[in-house]
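Participant: So you can see what is in the structure, the chains are spelled out below.
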Amino acid sequence: MLKVKNINTYYGKVHALKNVTIHLAQGEIVALIGANGAGKTTILNTLSGVIPARTGSIQFLGEPVETLPPDRIVKIGISQVPEGRQVFKGMTVADNLELGAYLRFRSREPREQIRQDMRHMYELFPRLEERKKQMAGTLSGGEQQMLAIGRALMARPRLLLLDEPSMGLAPLVVQEIFGVIERLRRDEGTTILLVEQNARAALKMADRGYVLETGKVILEGAAAELLENPEVQRAYLGKEKKEIWER
Amino acid sequence: MEIWDKEHECMPREELEQLQLERLQATLRRAYKNVTCYRNKFNQQGIDPDDIQSLGDISRLPFTTKEDLRLNYPYGMFAVPLREVVRIHSSSGTTGKPTVVGYTKNDIKTWSNLVARFMTAAGVTHDDVVQIAFGYGMFTGAFGLHYGAETIGASVIPMGGGNTEKQIMIMQDYRSTVLVCTPSYAMTIADRMEQLGIDSKGLSLKLGLFGGEPWSEAMRSEIESRLGISATDNYGLSEVIGPGVAGECQHKCGMHIFEDVFLPEIIDPETCQVLPPGSVGELVITTLTKEAFPMIRYRTRDITSLDYTQCSCGRTLVRMKKTMGRSDDMLIIKGVNVFPSQIEEVLVAMEGCEPHYQLVVERKGSVDSLEVRIEVTENIFFDEMKMQRAFVDKAQKKIESVIGVGVAVKLVEPKSIPRFEGKASRVIDNRTI
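Residue numbers (this note's numbering), protein chains in the order written: chain A, 11 to 257; chain B, 226 to 658.
Source of the hints: derived by calculation from the structure; they are not laboratory data. Hints are supplied without guarantee of correctness; some may be wrong.
[As the list claims (entries may be wrong)] Okay, the calculated beta carbon distance ranges per label pair: (1) B/Q278 <-> A/G22: 19 to 25 Å; (2) A/E198 <-> B/K231: 22 to 28 Å; (3) A/K214 <-> B/S446: 22 to 28 Å; (4) A/V60 <-> B/G281: 29 to 35 Å; (5) A/E73 <-> B/I228: 30 to 36 Å; (6) A/E198 <-> B/Q535: 52 to 58 Å; (7) B/P383 <-> A/Y20: 52 to 58 Å; (8) A/D105 <-> B/K258: 48 to 54 Å; (9) A/E192 <-> B/D532: 38 to 44 Å; (10) B/E375 <-> A/D105: 54 to 60 Å; (11) B/G503 <-> A/E73: 32 to 38 Å; (12) B/E375 <-> A/R129: 49 to 55 Å; (13) B/N265 <-> A/R116: 54 to 60 Å.
[Claimed, not checked] Mimicking DMTMM-like on lysine to aspartate or glutamate, the simulated pairs with C-alpha atoms at most 20 Å apart in a straight line are: (14) A/K13 <-> B/E239; (15) A/K13 <-> B/D275; (16) A/K214 <-> A/E192; (17) A/K13 <-> B/D485; (18) A/K15 <-> B/D276; (19) A/K13 <-> B/E240; (20) A/K15 <-> B/E240; (21) A/K143 <-> A/E108; (22) A/K28 <-> B/D276; (23) B/K266 <-> B/D282; (24) B/K559 <-> B/D398; (25) B/K547 <-> B/E390; (26) B/K231 <-> A/E38; (27) B/K477 <-> B/E495; (28) B/K334 <-> A/E139; (29) A/K28 <-> B/D424; (30) A/K99 <-> A/E139; (31) B/K391 <-> B/D424; (32) A/K23 <-> B/E638; (33) B/K258 <-> A/E223; (34) A/K15 <-> B/E390; (35) B/K559 <-> B/E438; (36) A/K15 <-> B/D554; (37) A/K15 <-> B/D273; (38) B/K231 <-> A/D217; (39) A/K15 <-> B/D424; (40) B/K334 <-> A/E238.
These numbers were taken from a predicted model, which means no experiment stands behind them. Note that the Cβ used here is the ideal one computed from N, Cα and C, for glycine as well.
All chains, please: the whole structure from these sequences, using the hints.
Facilitator: This is the structure we're talking about:
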């Protein structure tokens, strides 16, 4: 459904993505792993149009989208859950969710459908329903993450870009969030591109993965294979350091 | 008909090409970073892995040859530290410096699944009893098929090569349904069965998966009728992975190359230019997923052509014709790769022999034989029978130990071997395959 070819993205003079070529098939969970600064988040920001690529092509559902602005990209079905949740802290949980459907309100979609989706979000995240009238800023980290995901889902994306959903969360909460991600794919066929520091957890859930290093993809493969890959183990799973071998 | 890995074997071409490009770029970056030989070669040509932005761009990359592997003997081409390598094989050519290849855990898994693909395509299932009559050891053939058959869940009999009567006994008693060996050894088995008066109808054998040497359609029909089986061909070379590069499906109309893992090209062996689809030329392979031993544009020296039309089996993978020969002078004798230069080296090293020699390859029934004819010179005491005998024995032993197959050595009259202008053809191959 998504085909990215040779994208190059810059932050000013800094060449952040170098010829990145990746793809996602319908219903796949794909993990992007790599060290800090490898370009994982930049890929998401490029896909969502926040930081457009300088060169290269992005095809979504067969259409070129590399020049579209972020709001158009949300409209065609790509939603991003940013790193660090970024919920609107001074607004209620319910308002945050409704905001996720902003473009749908604008395009005069029947309110009932949107309300139905709200109910669905509360079903996915019962804790959000309990706190729907609370200010988002009063939620725990895990709850804020759920809210951020819920807000993105309110745009009814076909492709969900998830940036570090487990960051700063307790292991049990991480499990819960990952459970929801798996459920989304299983029940609704949502395609998910997942950026994670926690490479092991991400690869356990994902079907495939890409390993990034200084803005380049250095490995593509089935998630199970990447977990077994010595280079990945060394760099991201905390296994032994590289050693020089005798010739 | 079963397909082992439908997702990859039946991928629409557009999706396949996207995957190939992703894997090619990643492979080039890893090879450049981790293998000095590739880094040097790329730098010499002034090319950076980042310059490769389409599959077509691959033609800008330098080739890799067997010579590169020899120069980097033994582990210089490995892209991971040795401790991450779980298996080492070496090619059958056994000169002073053989070529050494390595596999990580994932590589072994990949390999097993590739073999499972072509075994499934040939009709092997988990109900089969697979008798492997390839030699185990440094060769990749036996292990590749062994792991592939196990991956499918078939019962594997790791018989190893040779001992034909025992092979037949096991085939009868263990009710083997699949025979894995070289096509010429299948003929040997058929011959022996005939001599022993054993009817193939009394066997459980259904399938034969033959590889390791070129063979013809005529040979296929003969093996099929004599052993009462369906025989399929498969292709591979240890430098690239071993068996599992390509294999026939039951339509027997060319070997499907597993393109999600190997990127094939056909080049003109003289000019090294890439030829358009369908042309006959030398097969060049780039590995797309190998971890321990990535190969970039490896010149296989095998002459073939690629057919991109869709096969009726449903696989979208390109098919390569049976190999039609070599772009170098390598001979395949009893499944073993032999280079005339190996023999020449032995003769040069042996005292008193200026190398005027000729290699004569024959096939009697289905057995290859190699005769080395050496011209005598004054130095080889041709007036003293005992010394001559000793020389012949010594030459025979040395050659056999170097090339790994049995030879006959014969001394011939001085000046009896024809001299050639320029490139001397020292090989007479009388085999009709």
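Participant: Does each hint fit the structure? Answer for all of them.
Facilitator: Structure-based check of each hint:
For B/Q278 paired with A/G22, a C-beta distance near 23 Å keeps the hint of 19 to 25 Å intact. At roughly 24 Å, the beta carbons of A/E198 and B/K231 sit within the given window of 22 to 28 Å. Between A/K214 and B/S446 the beta carbon distance is about 51 Å. The supplied range of 22 to 28 Å is therefore violated. Range check, A/V60 to B/G281: about 32 Å between beta-carbon atoms, so the 29 to 35 Å window is met.
At about 31 Å, the beta-carbon gap between A/E73 and B/I228 stays in the expected band of 30 to 36 Å. One distance hint, 52 to 58 Å for the beta-carbon pair A/E198 and B/Q535, is violated here, with the actual separation near 34 Å. At roughly 57 Å, the beta-carbon separation of B/P383 and A/Y20 lies within the given 52 to 58 Å, and the hint holds. Here the CB-CB span from A/D105 to B/K258 is close to 49 Å, well matched to the stated 48 to 54 Å.
At roughly 42 Å, the beta carbons of A/E192 and B/D532 sit within the given window of 38 to 44 Å. In this structure, B/E375 and A/D105 meet the distance hint of 54 to 60 Å, their C-beta atoms being roughly 59 Å apart. For the pair B/G503 and A/E73, the supplied restraint of 32 to 38 Å holds, since their beta-carbon distance comes to about 33 Å. At about 51 Å, the beta-carbon gap between B/E375 and A/R129 stays in the expected band of 49 to 55 Å.
A beta carbon spacing of about 58 Å between B/N265 and A/R116 agrees with the range 54 to 60 Å that was offered as a hint. The straight-line distance between the Cα atoms of A/K13 and B/E239 is roughly 11 Å, inside the 20 Å bound, and the hint therefore holds. In summary, the hint linking A/K13 to B/D275 is supported, as the alpha carbons are separated by about 18 Å, within the 20 Å threshold. Distance restraint check for A/K214 and A/E192: the Cα-Cα separation of roughly 11 Å lies within the 20 Å cut-off, and the hinted pair is therefore satisfied.
Between A/K13 and B/D485, the direct Cα distance comes to roughly 17 Å. Compliance with the 20 Å bound is thereby established for this hinted pair. Annotation: proposed proximity of A/K15 to B/D276 holds, straight-line Cα distance about 13 Å (limit 20 Å). Restraint check for A/K13 and B/E240: the C-alpha separation of about 9 Å stays at or below 20 Å, so the hint holds. A hinted pair counts as satisfied when its Cα atoms are at most 20 Å apart, and A/K15 with B/E240 qualifies at roughly 12 Å.
Between the alpha carbons of A/K143 and A/E108 the distance comes to roughly 13 Å, so the proposed pair stays at or under 20 Å and holds. A threshold of 20 Å between alpha carbons decides the hint, and for A/K28 with B/D276 the separation of about 10 Å falls inside it, so the pair holds. Restraint check: the Cα-Cα separation between B/K266 and B/D282 comes to about 16 Å, which is no more than 20 Å; the hinted pair holds. This hinted pair does not check out: B/K559 and B/D398 have alpha carbons roughly 27 Å apart, beyond 20 Å.
Only pairs whose Cα atoms come within 20 Å are accepted, and B/K547 paired with B/E390 is rejected, the gap being roughly 30 Å. Distance restraint check for B/K231 and A/E38: the Cα-Cα separation of roughly 16 Å lies within the 20 Å cut-off, and the hinted pair is therefore satisfied. For the hint linking B/K477 to B/E495, the alpha-carbon distance of about 30 Å lies beyond 20 Å, and the restraint is violated. Taking the CA atoms of B/K334 and A/E139, the gap is near 47 Å; set against the 20 Å cutoff, the hint is violated.
Of the pairs offered as hints, the one joining A/K28 and B/D424 is violated, with about 65 Å between alpha carbons and a cut-off of 20 Å exceeded. Between A/K99 and A/E139, the direct Cα distance comes to roughly 16 Å. Compliance with the 20 Å bound is thereby established for this hinted pair. In summary, the hint linking B/K391 to B/D424 is supported, as the alpha carbons are separated by about 16 Å, within the 20 Å threshold. Annotation: proposed proximity of A/K23 to B/E638 is violated, straight-line Cα distance about 77 Å (limit 20 Å).
Straight-line distance between C-alpha atoms of B/K258 and A/E223 comes to about 11 Å, which keeps the hinted pair within the 20 Å bound. Of the pairs offered as hints, the one joining A/K15 and B/E390 is violated, with about 58 Å between alpha carbons and a cut-off of 20 Å exceeded. Restraint check for B/K559 and B/E438: satisfied, since their Cα atoms lie roughly 8 Å apart, inside the 20 Å limit. A distance of roughly 42 Å separates the Cα atoms of A/K15 and B/D554; the hinted pair therefore is violated under the 20 Å criterion.
Taking the CA atoms of A/K15 and B/D273, the gap is near 17 Å; set against the 20 Å cutoff, the hint holds. Of the supplied pair hints, the one linking B/K231 and A/D217 holds, its CA atoms being roughly 16 Å apart against a limit of 20 Å. A C-alpha spacing of about 59 Å is found between A/K15 and B/D424, which places the hinted pair above 20 Å, so the restraint is violated. Only pairs whose Cα atoms come within 20 Å are accepted, and B/K334 paired with A/E238 is accepted, the gap being roughly 10 Å.
Hints 3, 6, 24, 25, 27, 28, 29, 32, 34, 36, 39 from the list above are not met by this structure, while the remaining hints are.
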